[in-house]
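Spelled out, the chains give:
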Amino acid sequence: MAKITFPIGPQHPALKEPESFKITAEGECVVDVDIRLGYVHRSIEAACLARNYVQGQYVCERICGICSHIHSNTFARAVEDLLQLEVPARAKYLRVLVAELERIHSHLLWLGVAAHEVGFDTLFMYVWRDREVVQDLLEMITGNRVHYGFTTIGGTKFDLTPQMADKCTEGLMVLRERTEYYKQVATTESSFLKRVEGVGVLTEQQARELGAVGPTARASNVPYDARWVFPYDAYPELDYQPITSDLGDVLGRTIVRVLETFQAIDICEEVLRRLPEGDIQVRAKPRVPEGETVARCEAPRGEVFYYIRSNGTDKPARVKVRTPSLANWPATIAMLEGAYVADAPIIIASIDPCMSCTDR
Amino acid sequence: MLDKIAGWALRKSPWVCHFNGGSCNACDIEIVAALMPRFDLERFGILLQGSPRHADVLICTGPITHQIRDRIIRVYEQAPEPKFVVAVGSCGTSGRPFCGKGAYSVMEGVDSIIPVHMYVPGCPPRPDAITYAVLKLLSTLDPKLADVLAEFEKSIPGIETMVQEGEPVAG
Amino acid sequence: MPLFYVLIFPGFLFLLAFALFAEYFDRKVVARLQNRQGPPWYQPLADTIKLLSKEDIITHDADKPMVNTVPLFGLAAVAASFLYVPMWTKDWHFSFQGDLIVVLYLLTIPAFVLVLLGWYSPNPFGSIGTGRVVTQLFGYEVPFALALLAPAIAAQSWRITDLLAYQDDHYWFALITPIAFLVAIAGLVGKLERVPFDIPHAETEIVEGPMTEYTGRKYALLKLMFSTETVVGAVLIAAIFLGGPHLPWVTKAVAGTAVAPLVGFLAVVLKALFIVFLLSVIKAALTRLRIDQMVRWCLTWLTFPILIQILYIVIVGSM
Amino acid sequence: MAETVEQTIEKLRQNYPGEILETKQVGLHEVFVTVPATYIVAFCKFLIEQGWWHLTTITGQDLGESIQLLYHFNGDEPPCITAVTEIATDDPKIASITPDVPAATMYEREINDLLGVVFEGHPRPGRLVLPDDWPEGVYPLRLDEIQKRAERDSENG
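Protein chains in written order, with the numbering used here: chain V, 1 to 360; chain S, 361 to 531; chain D, 532 to 850; chain W, 851 to 1007.
Next comes chain V alone, as it looks inside the complex (with noise of 0.2 Å):
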C-alpha cells in the first residue's frame, strides 16, 4: 500500500498551540511519526539569565498558560532553597490551595478539549462551562483568570479572607457534583468509550523505560506524583496516595484525570479546613548566594523541575526547566506508531501536551 505522509501542525485545528507531526501513514495506520518542536520557543531560559529573580519569576511563569502557578512556584522554592529562606506555614497551605484549584482547571480543560477530539462537542461545551467555576474561584483569589502571580519568592501575594474561603467552599461543591456527571459520561457513554478504549496503549515498561510523567505514566500503573514522593509546600501533612489505572490507553488516562479532580477538590477543602493563620510572606533578599539546587513540583501534567544555580548576584547563572510535556514526546511516539490516523489526534491530546511548555 501506498504511503502517504501529511503534518499535523503547525497550524492545524486539533492543536491549539503550533507544533508540527509528520506522520506517514499506510492507508490508516501510522507508520513513523516525526516531531519539530521549536515553534514556540522563546528563549525564556536564556531571558532569566539576563533578569533578577523577581522578574525571571514572572517570565518563567509565563511558560505556559495553564499552569503557570506551577511554574512560578517551582521557581520560587528553588530560589528559598538558595536563601535558606522558611516560608510561612499560612503561605504553604495558600500554594497548595491555588495549585490544586489549578489542577482542577487543568483537568476540565483536558476532558474538554479531549471530547472535542472525538468530535463530542457537546461534552466540551459543558465541562467548560462548568470550568467557568473554577475560573471564578481563582480570579477571586488571585485577581486574575490565568497567569495568577500568586506566589513571590519568600511567600504568596495574596491573602485569603473568610469571605473567600465560604465561597471557595460554595464553588468546590458544585464542581464536585459536577464531576461526578462528568465521571458518568466519560466512564459510561458507549460512542465515546469506543473512541478511547484500547487507543493509545501504554504498558508499564514502556512508561518507565521512556520516561514518561503525571497522569500518563500514573494511567499505566506507574505510581510517579512528586506531591506524595518528593512532598513539598504543604503536602507531607495531607496525607494522599497517587491514583492510577492499570488500562494503559486513552480510558485509563481519563479516569486518572478525573479521579484527580475529585483528588483536588478533596485537598482544596481540606487546606480550607486547616488553613493556619499568620503571616503569609517573608522578606527576601535581592542578592541570592552562590550555590545550586533543584526543585520538583508536580503540575497538572506531571513533575515540573527546576535547576538554578546563582552567582551570588541579583541575576541566576543558570536556569533550567524541564516540562512534563516534554517528557511524554518519546512515549507518544510510541504511542502513536501502529495506531489509526485518525486516532492520533486523541492520542497526542491524550497525554495533555503543552507545547509553549515543551518549548519555553
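The set of hints was computed from the structure by calculation and includes no laboratory data.
Quick caveat, the model's predicted, so the values are computed rather than measured.
Note that the Cβ used here is the ideal one computed from N, Cα and C, for glycine as well.
If a hint is listed, it holds; no wrong ones were tucked in.
Covered stretches of chain W (in silico footprint by chain S; criterion: 3 or more residues with CB under 8 Å from a CB of chain S, positions within the stretch not fixed):
{"hint": "1", "stretch": "975-982"}
{"hint": "2", "stretch": "991-1001"}
Straight line, CA to CA, 25 Å or less: simulated BS3-like cross-link-like pairs of lysine-lysine:
{"hint": "3", "chain 1": "W", "residue 1": "LYS895", "chain 2": "W", "residue 2": "LYS874"}
{"hint": "4", "chain 1": "W", "residue 1": "LYS998", "chain 2": "V", "residue 2": "LYS315"}
{"hint": "5", "chain 1": "S", "residue 1": "LYS461", "chain 2": "V", "residue 2": "LYS285"}
{"hint": "6", "chain 1": "V", "residue 1": "LYS157", "chain 2": "V", "residue 2": "LYS315"}
{"hint": "7", "chain 1": "W", "residue 1": "LYS895", "chain 2": "W", "residue 2": "LYS943"}
{"hint": "8", "chain 1": "V", "residue 1": "LYS285", "chain 2": "V", "residue 2": "LYS315"}
{"hint": "9", "chain 1": "V", "residue 1": "LYS22", "chain 2": "V", "residue 2": "LYS3"}
{"hint": "10", "chain 1": "V", "residue 1": "LYS157", "chain 2": "V", "residue 2": "LYS285"}
{"hint": "11", "chain 1": "S", "residue 1": "LYS461", "chain 2": "V", "residue 2": "LYS315"}
{"hint": "12", "chain 1": "D", "residue 1": "LYS754", "chain 2": "S", "residue 2": "LYS364"}
{"hint": "13", "chain 1": "V", "residue 1": "LYS167", "chain 2": "V", "residue 2": "LYS157"}
{"hint": "14", "chain 1": "W", "residue 1": "LYS861", "chain 2": "W", "residue 2": "LYS874"}
{"hint": "15", "chain 1": "W", "residue 1": "LYS998", "chain 2": "S", "residue 2": "LYS461"}
{"hint": "16", "chain 1": "D", "residue 1": "LYS754", "chain 2": "D", "residue 2": "LYS595"}
{"hint": "17", "chain 1": "D", "residue 1": "LYS754", "chain 2": "D", "residue 2": "LYS559"}
{"hint": "18", "chain 1": "V", "residue 1": "LYS315", "chain 2": "W", "residue 2": "LYS874"}
{"hint": "19", "chain 1": "V", "residue 1": "LYS183", "chain 2": "V", "residue 2": "LYS194"}
{"hint": "20", "chain 1": "W", "residue 1": "LYS895", "chain 2": "W", "residue 2": "LYS861"}
We have chain V; now place chains S, D and W onto it with these hints.
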C-alpha cells in the same frame, strides 16, 4: 447595492481562524473560552474555523517566534480577501515580556509581521475583551453595531480600555 | 408554469430558502442542547452571501475547469432530485414509475463531488478525506438504499406517490417497517456526513477533508449542497416513512377543499423539520466514530437488520 | 524517607565499581555525584539498575573552560541522584545515553541545539528547538553568546 449586501453578510458572519504565534497558551484558551456557553460568540455569527481558507478574521496570539514567522505569513496569504487581523495578548501586541533582554528567538508582536486591525492587550485578556475586540472591529464596518457595543460597554465597566484600534496599514 | 415549478416553487428558490432555514434550525437546536444561545435566524443566509462575496482562491496546481464546475454539478443534482419528492400532495406532477431510484441515484452524486474535489486538491488532507468518503460510501449507501427498498417492496412500486397512497390506506411505513425507518435515518446521517459519521471532514483530524482548500464561492456551493441535501433527504424520508402530506383525520377532513394543499405542505415541512431535529439530537449526543468502526458498525447494525426487515416484509407479503 | 542522604552516598560508593570523583548534597534530597565523562553511560545504567529508574532531565551549562552536564535521576522514593560530568568546551563530545536510556532522546537533542554538545551515537539527531534558519555553529546558551546579547541589550537601552 451588491456591496452593501456583501458588507452586511460579512458583518453578520465573521468566521475566525485562530493562529498561535508562540504564545504561552493562556490567550488561546481564553479565545476558546469565548466560544463556550458563558460567552457564546456564535450568537454574533462568529464561528471558529480550522482552515485559514475559510476565515475572515485571523486571531493571532504570541510574540511570533522566528520558527513560526514564515508560517504566519503563509496563513495570512491563504486567507481570502477581505480579511482582518486581531492581535491578542500583551506579547501579541508588543512581544513583551518575551522579547528584549536576553531573548534570541522572538519578534516584537504580530504587527512586526502582518498588518493588525485591532489590539487586545492583557496577559491574558479576558474572553469579554476578546469578544469586545471582535465586535468593535465589526462596528468599524457597521455603525449600527454601536448600540450593541454601548450595551456591552455598560454591562462591563471599563472594557473600552481593554482594546486598542490598529493603525490602518496597507496590506 | 413548469419553469415556475422548477425555478421558484417548489423548485430551486424554495429549496434554497428551506435549506437555509433547516440549517438555522439545526444549528439553533444543537446550540440549545449545548447550553448556548445559538445564532440568529439570518445566520446561514449571511454565511452564504459572505462566502459568495469572498475571494475565490484556486491553488495553482489544481485543474481549474474541473474544480470550478464540480460543485455546481453537486448542487444541481440535489436540486434536481428535489423535484421528484412530493411537497404537498400525493398526486405529484413530476412523478413517474421508478422516481425513487432516480432520487436515490441523484443523492449519491454529492459524495462523488467530494471525491473529485479531494482528488484535484493538492492538500494531503484532501486525499485522506477522499479515501474516507469512498470507504464510508460503502458503509451507509447499501443499507440506506435497502431501507428505502423495504417500503417499496411492501407497496410493490418504485414510485413515491404509490408509496404515499399505500400509507394513506394503511399505516405510515415508520410503523409498518420501524427498522427500515431507523436504518434510513442512520443512512441519512452517513450521507450528510454528520456526527457520528462526519469522518470525511473530521475537523480535528483532517481539517475539512476534501473541502479544505476551497474558498469563497466554491465553499458556499459545497455548504449549500449539504444543506439542500439535508432537506431533500428529510423530505424524502418524511414522504416514504411518515406519510408525506398525509395527516391522520385532518387530511380526510380537508380533502378536496382549497386548503388541502396548504395542510399537506405544512405537514411535509413539519415532518421534514422533525427529521432534521432528530439529526441535530444525534449530532449533539454522540462522538465521531473511526472509519473502521463506522464500516463495521454499519454492517452489523444497519445492513444485517435491514435484511431481516426485508425478509419479514417478503414473507408477510407472500402470505 | 527510606534512607538518609549519607547512607545513599555510602551505598553508591560501595556498589559502583568505577570511579566517583566527588559527592555532595543539594537541597533536601538531591545527591550530586561527579563522574568522569568517559564513564557516564556505564554510570547511568548503574543508577537505573539501582532503582533510580526515571531520567528527569539532562541539564547542560557552560562554565567557560568546560561544559557541565547534569543527568538528573529519580526513583520511587527520595533521595534523587544527579550524575555530573564535565567536557571541554573546545571539543564538546560525549557518548549518547539514548540507546540505553530512551527517555534521554529529547533532552540530548535540546542540549545539542542550545550548547552544541555532540552526543555520539544518538539514533535520531537533528535540530529540535531552534528555528530552521538558525546559523550553524551558534549556540545561544554558550557564555560568549549570552555576553553578546547582553551587549546588544545595553546598546538598545
